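Chains A, B and C, in that order, give the protein sequences.
Its first residue numbered 1, the first sequence is counted upward by one per residue in our numbering.
Its first residue numbered 1001, the second sequence is counted upward by one per residue in our numbering.
Its first residue numbered 2001, the third sequence is counted upward by one per residue in our numbering.
There could be a bad hint or two in this list.
Mimicking DSS-like on lysine-lysine, the simulated pairs with C-alpha atoms at most 27 Å apart in a straight line are [what the hints assert, rightly or not]: (1) C:LYS2263 to C:LYS2027; (2) C:LYS2422 to C:LYS2499; (3) A:LYS31 to C:LYS2125; (4) B:LYS1027 to B:LYS1090; (5) C:LYS2034 to C:LYS2125; (6) A:LYS164 to A:LYS377; (7) A:LYS112 to A:LYS377; (8) C:LYS2422 to A:LYS363; (9) A:LYS31 to A:LYS112; (10) A:LYS31 to C:LYS2027; (11) C:LYS2126 to C:LYS2499; (12) A:LYS375 to A:LYS442; (13) A:LYS112 to C:LYS2084; (14) A:LYS164 to C:LYS2499; (15) C:LYS2027 to A:LYS164; (16) C:LYS2327 to C:LYS2531; (17) A:LYS112 to A:LYS164; (18) A:LYS164 to A:LYS363.
Partial list, derived from the structure: chain C residues whose beta carbon lies under 8 Å from chain A [to be verified]: (19) ARG2350; (20) PRO2442; (21) VAL2463; (22) THR2469; (23) PRO2490; (24) ILE2491; (25) GLN2494; (26) TYR2495; (27) GLU2496; (28) ASP2500.
Because the hints were derived from the structure by calculation, they are not lab data.
On a predicted model such as this, the values are computed, not experimentally measured, just so you know.
C-beta atoms are modelled at their ideal positions from N, C-alpha and C, and glycine is treated no differently.
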Amino acid sequence: MESTYSQLAWIIPLSPLIAFFILLSIGRQLKQYGGYLAVVASLISFIISVLIFIERTGSDMQNYTWNDWDWLSVDTISLSMGFEINNLNTLMLLIVSFVGLLVNLYSIGYMKDDERVNVYFSYIALFTFSMLGLVIAENIVQLYIFWELVGVCSFLLIGFWYFKPEAKAAAKKAFIVTRIGDVGLFIAILLLFWYMPNHSMSFSAISNAFIQNEIEPGITTLIAILIFVGAMGKSGQFPLHTWLPDAMEGPTPISALIHAATMVAAGVYLVARTFPIFESSATAMTVVAVVGAFTALFAATIGVAQNDIKRVLAYSTVSQLGYMMLALGVGALSAGMFHLFTHAFFKALLFLAAGSVIHAVHKQDMNEMGGLGVKMKITAWTFGIGALALSGIFPFAGFWSKDAILTEALNQNVGYFIVGLTAAFFTAFYMARLFFLVFAGKSRANHDANEPHSEPHESPAVMTIPLIILAVLAIGAGFVFTPFNPWFGEWLTGAAEEHTNWTVIILSNLVGILGIGLGYLMYLRGSIARDVISSRAPGLYRLIHNKYYMDELYQIIIVTPLKGLGFVLRFIDYYVIDGAVRLSASSALYVGRLGARMQNGQLQSYGLASLIGIVLLMIILVGRRFWNVG
Amino acid sequence: MDNILPSYLIMGAILFCIGLYGALSKKSAIVVLISVELMLNASNLNFIAFSKYGPAPSLTGQIFTLFNITIAAAEVAVGVAILIALFKNKGTSNVEEMDSMRY
Amino acid sequence: MLDNLPILSMIIFSPLLGVLILMFIPKEQGRLIKIVGVAAAFLPLILAVMMYANFDHQSEDTLQYTENVEWISVPLNQDGEMLKGLSSYNLQFNYNVGADALSLVLILLTALVSAMAALASLHIKKRWKTYYILFLLLMVGMLGVFSARDLFLFFAFFEVTLVPMFFLVGIWGFKEREGAATKFLIYNGIGSALMIVAFLILVTTAGFTLSQPDPQHLDAIYTSSLDQIMTNLSDPTAYVNVGTEMQAGSGVENPFFLSETMKWFLFILLLIAFGIKLPIFPFHTWMLKVHVEAPPSVVMIHSGILLKMGAYGLIRYGVMLFPEQAKDWGIILAILGAVNIIYGAILAFRQTDFRLVLAYSSISHMGIVLFGIAAFNVIGMEGAIFQMVSHGLISALLFLIVGSLYERTGTMELSELGGLAKSLPFISGILLFAGLASLGLPGLSGFVSEFLSFIGLFDTMPVITVIGTLGIILAAVYVLRAVLRITYGPIAVQYENLKDARLVEVIPMVTLLAFIVLLGVYPSVLSDPLKHTVDQLIQNIAGRVGG
């Protein structure tokens, strides 16, 4: 079949880029129309993505590659830029442009009171451009370029409310922590550059080389792990996860778009894109699986003890990304990508719904909410659907994808399975806790008399419509890849994957229901005291509530030594190096002073000195003749 | 006749050394000036001695001496004038106190 | 049309036209002086763009626009036995300029940055006339340095930059300007002294050239021509290389011979001379003071171009003349580079004055140039040149912003600034952008140079390269710390009513920014012209070193 639409894929990132430039240059004059411009731009991207998707689902399509732009040619090596369309990134295009569209729409309502709204939209447009560019990148250098650009956009958007010190700190942290991962990816690129035949950097060449085992195993493992370090930074895997919860300082739609659905999934996408490298190294695969599994459980437990509605969701994102990594680590590419796909919808939904709540009550602490379900019906319902999907309850989308991962994990290693199942339990529990605390029961808002407080009410349609659309997808999106309908996996990888396992299905539902039930008992019925953990095991509670003291740990082992080193070096720079310079300068001065002291103004002593000089010269001259020296 | 030249030269050297000693060690500016004159005359003596008994005798040395005497006279005039001015300013003719060019 | 014009000389000396006109303008006419000064600073830019357009990128002959005029010829004493047979015996200095792509690129950079700095100099509060005259003289020196093809001409232009710079720092700087100017002069004077020693030795040994235009004549000259010296040094039959005797076994002492030890000595002399300028750790302390005390528009030139003279000299006169020694010391250059990168970055992180942050970041960035040179391959060398250009643009932009900010707030102490994004959204945006460029964000020029330098060095010294990549993280740390401190956070009351950038500030900011983006998005615009030159450069080195 002719690839008519794939050829047009360059329009997909271009359209938000143009929107970005327009918003940047005449944003102030556009006023409220800036939002519509952003929506139109992302709509264009979305439509073309859909067309490509339809085109590619038709039959076995060859990958479409265009890479005629000679970006940089040095020596005999030429790096070109272009794009490649295959099934994997078609899927990503669809997700990114779709969530981007909904978030733009939602933001029109959410951000309408902010005076810098068009700056906001321009950042989103730039982000969408970078993310789409990342997805269709033809080679790994190009991917790295966009990889950093999305990082910057994320930084800009987290720090959008730049006057808040927390936002500033969070933005900085996000950038620096992900940069640590990026350096891993950067070194991986350096390695690839010198070890790939012909220095070819394109993904297709990389795949071929690694599939045919042209690169020695030690280097392969090294490259794979370094790439994974990059993915860890972006996808918030332990131990580089600390920036993601802090990133919640940004506007909530941004958390939905960047820190839930798209950018944080870029790490997963990167591993999937370079999957042949990982597949040729068992060690690397184990590393991926272990880190993924650990992160899934680790973050899920932290989520249990957080009180900020967005932070709970953030830890849940970290945990779910761990699931995806686990899937990739056990070799289940399609299961991992499938979870990425469903997660994008229900997590975006959860964040947008949470945004709707925050929009209504102007608070983020769950302890001050409650009883909102009555006042905000659409939000509550859609949030509930998202929560069920996240908890992995049949038949919501999350169930199918989590089930696929757990099945594959069980096939590989029971340990992974148990960890995944435990994490699923915690997930269900903290989502139930979140839901009941926010929407059920009575309002715990303490009305401040000084503060004019309007009653919370449902958000406008421009915000609820995206919620409803996403809720539909959170229910339905799972059906493309079920044990009975493996279409998605076949389309993505070209090979059918069998993953019907009734034990897993039953067990995963069971732990989900258990978790929800426990949450119900604790936070709605109250038959189990809420502070059962914090009173019985205060140490454990504090440990979890403080996120296992990871930030403090970093402070101690990295930041403080760095500052100390800086202090020492500054000392050395000032006193030793510049000190040596000053010393030589002052010693020159001192010698000069000594000479100056002979200038006593006594003409007679000058005369005496020159007399002595002349006598010496004469002795030398005459002496030469006698002693026959020269 | 032949070896009369060294006598002149030794005489000149002695004069020069006396002048030098005076110029370097005397405190009174007038004495220093006189010592300088002595040194000048020592060189004049040498000029004349060489012009008469030197390896290539010629009148040049004697003419040069005449010039020297003229210039020395002028120099003494200027020098004494400066000394008088200094004395008016500082009230002393002691060279050790004239050290305003000190560092 | 251009073919018959000495365009390179026109570029070098066109600012003098401005000097000439300025001399006749009374110093009270501030406005007119500024107009003439800025206009004269733009002349080389226009000419340089024309030169770039006319430059033949494809030509194998990489050296173009050459001009060679006999300048000083000193007849020498022909008393010696061996010299009787010569028909002439001269010490010969020529005015010899020419541009290969490396020079071309740096001339363009110089012209661009100086033009922008001339615009930024409109802030200057006193003695405009002297300022602009010195500024234009400084331009002549810089442009000359990058075009000279003759050791003494190079040295002369190099010195020409020192004097105006001394006064520009010393008269128009901040509080401790005299100290800064003196330190600048002493350090650079020492560098120049070492350089002239090395050059003198080179001219009297490698510069000795015999030529026989016809059988009756045999001419001998000591030349200071760079190309002739390079040819002689690479010719194994030239006197400079044959050995301690003029002819093997003849027993006649060869005064032109440079032993290995002597070559090492010269190389190290040149390394230190240019290392001071670059600056290489531990010769960096002088430039800290200059960064802080000089007026920002002068620092634009200083950080943007003068530091590049060190890198340029190191490539052209250090590495090209003594490739064996340089290559042997590749690892030391790389280690010095890594030290520069890490040391600069960590110290940048601890500074409290924004200008010092930038000064140390310059040290860090110059480490990347060293990396590129130490790689001794085409990729690394391109990386080094990219870094020179890129850092020139970025640091010029940063100091342009420093000038604008200082004019408004009166301080550069990080602790006293904050939240400026509120009242100065445009300047803050540009500052953030420049900061991102400085930390090597892809899509901007800094990334391309880091990428190329690291790739180049990784081939031979992976471990040092990996240590150097730590600098990428540290760069993010110190840049964001400083930039966010200034622009983000709550705004102090006294800054709430500041006025954002005027047109005369917007133009240079946007221009520099556009070039930074251009180089980042489409690096071929620089790498294509450089291709042949760098290829040839590396081939020359490989030819000399043999591998």
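Results for each hint:
no.: 1; hint: C:LYS2263 to C:LYS2027; in the structure: violated, 51 Å
no.: 2; hint: C:LYS2422 to C:LYS2499; in the structure: holds, 11 Å
no.: 3; hint: A:LYS31 to C:LYS2125; in the structure: violated, 40 Å
no.: 4; hint: B:LYS1027 to B:LYS1090; in the structure: holds, 15 Å
no.: 5; hint: C:LYS2034 to C:LYS2125; in the structure: holds, 11 Å
no.: 6; hint: A:LYS164 to A:LYS377; in the structure: violated, 32 Å
no.: 7; hint: A:LYS112 to A:LYS377; in the structure: holds, 22 Å
no.: 8; hint: C:LYS2422 to A:LYS363; in the structure: holds, 25 Å
no.: 9; hint: A:LYS31 to A:LYS112; in the structure: holds, 10 Å
no.: 10; hint: A:LYS31 to C:LYS2027; in the structure: violated, 49 Å
no.: 11; hint: C:LYS2126 to C:LYS2499; in the structure: holds, 23 Å
no.: 12; hint: A:LYS375 to A:LYS442; in the structure: holds, 11 Å
no.: 13; hint: A:LYS112 to C:LYS2084; in the structure: violated, 94 Å
no.: 14; hint: A:LYS164 to C:LYS2499; in the structure: holds, 22 Å
no.: 15; hint: C:LYS2027 to A:LYS164; in the structure: violated, 49 Å
no.: 16; hint: C:LYS2327 to C:LYS2531; in the structure: holds, 21 Å
no.: 17; hint: A:LYS112 to A:LYS164; in the structure: holds, 19 Å
no.: 18; hint: A:LYS164 to A:LYS363; in the structure: holds, 15 Å
no.: 19; hint: ARG2350; in the structure: holds, 4 Å
no.: 20; hint: PRO2442; in the structure: holds, 4 Å
no.: 21; hint: VAL2463; in the structure: violated, 11 Å
no.: 22; hint: THR2469; in the structure: holds, 5 Å
no.: 23; hint: PRO2490; in the structure: holds, 5 Å
no.: 24; hint: ILE2491; in the structure: holds, 7 Å
no.: 25; hint: GLN2494; in the structure: violated, 16 Å
no.: 26; hint: TYR2495; in the structure: violated, 12 Å
no.: 27; hint: GLU2496; in the structure: violated, 12 Å
no.: 28; hint: ASP2500; in the structure: violated, 12 Å
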